[in-house]
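Student: Sequence:
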Amino acid sequence: MANQPKNIAPSTYFVSQNRWLIVLAIFILIIYLLSPILTPFLIAAILAYICDPLVNRLCRVGTGRYQISRTLATVVVLAGLLFMIVSLFLILIPLLQKQSVLIVERLPAFIETFHNRFEPWLQTRFGVDLNIDSAHIQKIISENWQSTGDILGNVLKTAGSQGLAFVGVIANLLLLPIVLFYLLRDWDTLIAKIGELIPRKWFDKTATIAKEIDQVVAEFLRGQLSVMLSLCMFYSIALWFAGLEMALSIGLLAGLLSFVPYLGFAL
1 MANQPKNIAP
11 STYFVSQNRW
21 LIVLAIFILI
31 IYLLSPILTP
41 FLIAAILAYI
51 CDPLVNRLCR
61 VGTGRYQISR
71 TLATVVVLAG
81 LLFMIVSLFL
91 ILIPLLQKQS
101 VLIVERLPAF
111 IETFHNRFEP
121 WLQTRFGVDL
131 NIDSAHIQKI
141 ISENWQSTGD
151 ILGNVLKTAG
161 SQGLAFVGVI
171 ANLLLLPIVL
181 FYLLRDWDTL
191 IAKIGELIPR
201 KWFDKTATIA
211 KEIDQVVAEF
221 LRGQLSVMLS
231 LCMFYSIALW
241 FAGLEMALSI
251 GLLAGLLSFV
261 PYLGFAL
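Heads up: the sequence shown at position 229 corresponds to 229 in this note's numbering, and the numbers run straight through without jumps.
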């Protein structure tokens, strides 16, 4: 340390020169240690960020005394979101349960086809020897496939054996809509309060950068969600018309994995 003053201890000098890095490291450590508690708040904040434009649009409906309040708009958006999630679970879980059993039953045939056709081609073309023990995989599948389709039974069994963890999951699920409601209702107020914490001399530049980040992130998140949902429906419907019995499972998985370039399409 050529520029270190002679009357300052090395440890003190290091702290003074890297204090912001130390603060950042401590902050990241605290977030990591509190991650089980902060998870519902983080998820609620992301959902509130995505749903805030819907609440703003509803607030602009009507004029005067007939204008929709922020609280009512938040209740409508939250109710619609919960209804959509519950409906998807009630519709999709039975279908996915049925198709998951079908996939597991046919998996040995898929493995055998891969072993006989694609593995020799990979070895000849690229010199790749996977050494997949298809017989062992088929043995494992044949011993455990009966329990695969019973999704609800497996969940209840796991909940019974890990009661405390299950209670924590339920508590987070119950806390999530409550936190989401208050974040959505007071989102604009929270943003304004955060803005008041920024020093005035940095406010204009910080606000400009934050606005640009908001536009990019918002467009990415909403666009990516729209693409994923559209591809889920497109793949599922197209595969169903093609006569594939596992159309819904494969279509949903391919659509949800579409955020990884080429992975969803390749699947």
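FYI, nobody ran anything at the bench for these hints, they're computed from the structure. Even for Gly, the Cβ is constructed at its ideal location relative to N, Cα and C. Take these hints with a grain of salt, some might be off.
Said to hold, decoys possible - The following label-pair restraints were derived from C-beta to C-beta distances:
| # | residue 1 | residue 2 | range |
| --- | --- | --- | --- |
| 1 | Ile213 | Met84 | 34 to 44 Å |
| 2 | Gln224 | Arg60 | 47 to 57 Å |
| 3 | Gln224 | Thr189 | 38 to 48 Å |
| 4 | Ile28 | Phe118 | 19 to 29 Å |
| 5 | Leu88 | Ala207 | 50 to 60 Å |
| 6 | Thr189 | Phe126 | 56 to 66 Å |
| 7 | Pro53 | Pro177 | 24 to 34 Å |
| 8 | Ser35 | Lys205 | 28 to 38 Å |
Student: Against this structure, judge whether each hint is valid.
Tutor: Hint by hint, here is what the structure shows:
no.	hint	result
1	Ile213 <-> Met84: 34 to 44 Å	violated (28 Å)
2	Gln224 <-> Arg60: 47 to 57 Å	violated (26 Å)
3	Gln224 <-> Thr189: 38 to 48 Å	violated (28 Å)
4	Ile28 <-> Phe118: 19 to 29 Å	violated (44 Å)
5	Leu88 <-> Ala207: 50 to 60 Å	violated (38 Å)
6	Thr189 <-> Phe126: 56 to 66 Å	holds (58 Å)
7	Pro53 <-> Pro177: 24 to 34 Å	violated (19 Å)
8	Ser35 <-> Lys205: 28 to 38 Å	holds (32 Å)
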